[in-house]
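Peer 1: So the chains spell out like this:
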Amino acid sequence: EPEVTQTPSHQVTQMGQEVILRCVPISNHLYFYWYRQILGQKVEFLVSFYNNEISEKSEIFDDQFSVERPDGSNFTLKIRSTKLEDSAMYFCAIPRDRDNYGYTFGSGTRLTVV
Amino acid sequence: GIQVEQSPPDLILQEGANSTLRCNFSDSVNNLQWFHQNPWGQLINLFYIPSGTKQNGRLSATTVATERYSLLYISSSQTTDSGVYFCAVAYNDYKLSFGAGTTVTVRA
Numbered sequence: 014e015p016e017v018t019q020t021p022s023h024q025v026t027q028m029g030q031e032v033i034l035r036c037v038p039i040s041n042h043l044y045f046y047w048y049r050q051i052l053g054q055k056v057e058f059l060v061s062f063y064n065n066e067i068s069e070k071s072e073i074f075d076d077q078f079s080v081e082r083p084d085g086s087n088f089t090l091k092i093r094s095t096k097l098e099d100s101a102m103y104f105c106a107i108p109r110d111r112d113n114y115g116y117t118f119g120s121g122t123r124l125t126v127v
Numbered sequence: 300g301i302q303v304e305q306s307p308p309d310l311i312l313q314e315g316a317n318s319t320l321r322c323n324f325s326d327s328v329n330n331l332q333w334f335h336q337n338p339w340g341q342l343i344n345l346f347y348i349p350s351g352t353k354q355n356g357r358l359s360a361t362t363v364a365t366e367r368y369s370l371l372y373i374s375s376s377q378t379t380d381s382g383v384y385f386c387a388v389a390y391n392d393y394k395l396s397f398g399a400g401t402t403v404t405v406r407a
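Residue numbers (the numbering used here), protein chains in the order written: chain A, 14 to 127; chain B, 300 to 407.
Errors might be hidden in some of the hints.
[Unchecked claim] Estimated spans, in silico, between C-beta atoms of each pair:
#1 323(B) <-> 43(A): 28 to 34 Å
#2 372(B) <-> 69(A): 42 to 48 Å
#3 354(B) <-> 93(A): 44 to 50 Å
#4 353(B) <-> 40(A): 40 to 46 Å
#5 402(B) <-> 72(A): 33 to 39 Å
#6 372(B) <-> 72(A): 33 to 39 Å
#7 68(A) <-> 302(B): 44 to 50 Å
#8 29(A) <-> 365(B): 49 to 55 Å
#9 391(B) <-> 67(A): 37 to 43 Å
#10 364(B) <-> 93(A): 40 to 46 Å
#11 72(A) <-> 309(B): 26 to 32 Å
[What the hints assert, rightly or not] Over the 10 Å line for every Cβ pair with chain B, so calculated as not near, a few chain A residues:
#12 28
#13 30
#14 50
#15 65
#16 73
#17 78
#18 92
#19 98
#20 125
[Stated by the list, open to error] Every beta carbon over 10 Å from chain B, so not counted as near; a handful from chain A, in silico:
#21 37
#22 75
#23 82
#24 83
#25 93
#26 106
#27 109
Keep in mind the hints are simulated off the structure, nothing from the lab. Glycine residues also receive a C-beta, built at the ideal position from the N, C-alpha and C atoms.
If we strip away everything but chain A, and leave its shape as in the complex, we get (with noise of 0.2 Å):
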């Protein structure tokens, strides 16, 4: 099973500001994907990645967000003006193995906005 590091683990943020997660899987992978939980409800996904290119995005992934590879190793979700509403677990995912059988998520970003 993969392993994927997700940091910081928990961050406190004014409303406004921007923030980054990131996410870095042991080995190499093309495709990896964000998902979102806000507290009590149930794991959405957000967007997926492939190639360094977006290839998938849900209604939530507004102009806010964007996903970046920025050095060929881990990967990043900013929010550029968080808002109240962006309180929630944050986490990345990447296919278990070459054959796709499934996906290992990240230990999670717990983002509260205040």
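For this one, chain A is given, so just place chain B on it according to the hints.
Peer 2: What follows is chain B alone, placed relative to chain A:
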């Protein structure tokens, strides 16, 4: 997208009891996973099971793809089994659709 319904929403068990969690989905799938969300919020993969039956220790799962449901069995439950169990499915587009989860509380 594919709709996923999980039942029951909440389950309270005495330690040592057995239980069955259910996941119904609205369309064909070629990916189905069961996850356990622990108290720290981490999503731990339990099974990748788009069809058939698998067992891992006290946990087992069965998916009947033609009837669009999956079952997760917990036997001899322990307090460490507490948490939220999620079923998630996908078909070809690779993004997972999650159910609302079953919250399991195991009492000593």
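Peer 1: Work down the list of hints and note, for each, if the structure agrees.
Peer 2: Tested hints:
About 33 Å separates the C-beta atoms of residue 323(B) and residue 43(A), a value consistent with the hinted range of 28 to 34 Å. Between residue 372(B) and residue 69(A) the beta carbon distance is about 34 Å. The supplied range of 42 to 48 Å is therefore violated. Taken as a hint, the range 44 to 50 Å holds for the pair residue 354(B) and residue 93(A), whose Cβ atoms sit roughly 47 Å apart. Residue 353(B) and residue 40(A) have their C-beta atoms about 24 Å apart, which leaves the hinted 40 to 46 Å range violated.
A beta carbon spacing of about 27 Å between residue 402(B) and residue 72(A) contradicts the range 33 to 39 Å that was offered as a hint. For the hinted restraint 33 to 39 Å between residue 372(B) and residue 72(A), the CB-CB distance of approximately 36 Å keeps it satisfied. Checking the proposed 44 to 50 Å range against residue 68(A) and residue 302(B) shows it is violated: the Cβ atoms sit about 23 Å from each other. As the Cβ distance of residue 29(A) to residue 365(B) is approximately 51 Å, the hint placing it in 49 to 55 Å holds.
A hinted range of 37 to 43 Å for the beta carbons of residue 391(B) and residue 67(A) is inconsistent with their spacing of about 18 Å. At about 42 Å, the CB distance of residue 364(B) to residue 93(A) agrees with the hint of 40 to 46 Å. A hinted range of 26 to 32 Å holds for the C-beta pair residue 72(A) and residue 309(B), which are about 29 Å apart. Against chain B, the non-interface label of residue 28(A) holds: every CB pair exceeds 10 Å, the least being about 22 Å.
Distance check on residue 30(A): its Cβ is at least 22 Å (rounded) from any Cβ of chain B, clearing the 10 Å threshold; non-interface status holds. With a least CB separation of 8 Å from chain B, residue 50(A) falls inside the 10 Å interface cut-off, contrary to its annotation. Its beta-carbon lying about 17 Å from the closest one in chain B, residue 65(A) satisfies the requirement of being farther than 10 Å from that chain. Every CB of chain B lies more than 10 Å from the CB of residue 73(A), the least distance being 12 Å, so the non-interface label holds.
For residue 78(A), the condition that its CB be more than 10 Å from all CB atoms of chain B holds, with the nearest at approximately 15 Å. With a least beta-carbon separation of about 18 Å from chain B, residue 92(A) lies farther than 10 Å from that chain, consistent with its non-interface assignment. The beta carbon of residue 98(A) sits about 18 Å from the closest Cβ of chain B, which is more than 10 Å, so the claim that it is off the interface holds. Every Cβ of chain B is farther than 10 Å from the Cβ of residue 125(A); the closest lies at roughly 13 Å, confirming the non-interface assignment.
With a least CB separation of 16 Å from chain B, residue 37(A) remains clear of the 10 Å interface cut-off, as annotated. With 10 Å as the threshold on Cβ separation, the claim that residue 75(A) sits away from chain B holds: the shortest Cβ distance comes to roughly 17 Å. Against chain B, the non-interface label of residue 82(A) holds: every CB pair exceeds 10 Å, the least being about 18 Å. Listed as outside the interface, residue 83(A) is consistent with that label: its C-beta sits roughly 23 Å from the nearest C-beta of chain B, beyond the 10 Å cut-off.
For residue 93(A), the non-interface assignment is confirmed: its Cβ lies about 23 Å from the closest Cβ of chain B, beyond the 10 Å cut-off. Not every beta carbon of chain B lies more than 10 Å from that of residue 106(A), the smallest distance being close to 8 Å; the non-interface claim is violated. In this structure residue 109(A) is not separated from chain B by more than 10 Å, as the shortest Cβ-Cβ distance comes to only about 7 Å.
Figure legend: structure checked against the earlier numbered hints; hints not met, in rising order: 2, 4, 5, 7, 9, 14, 26 and 27.
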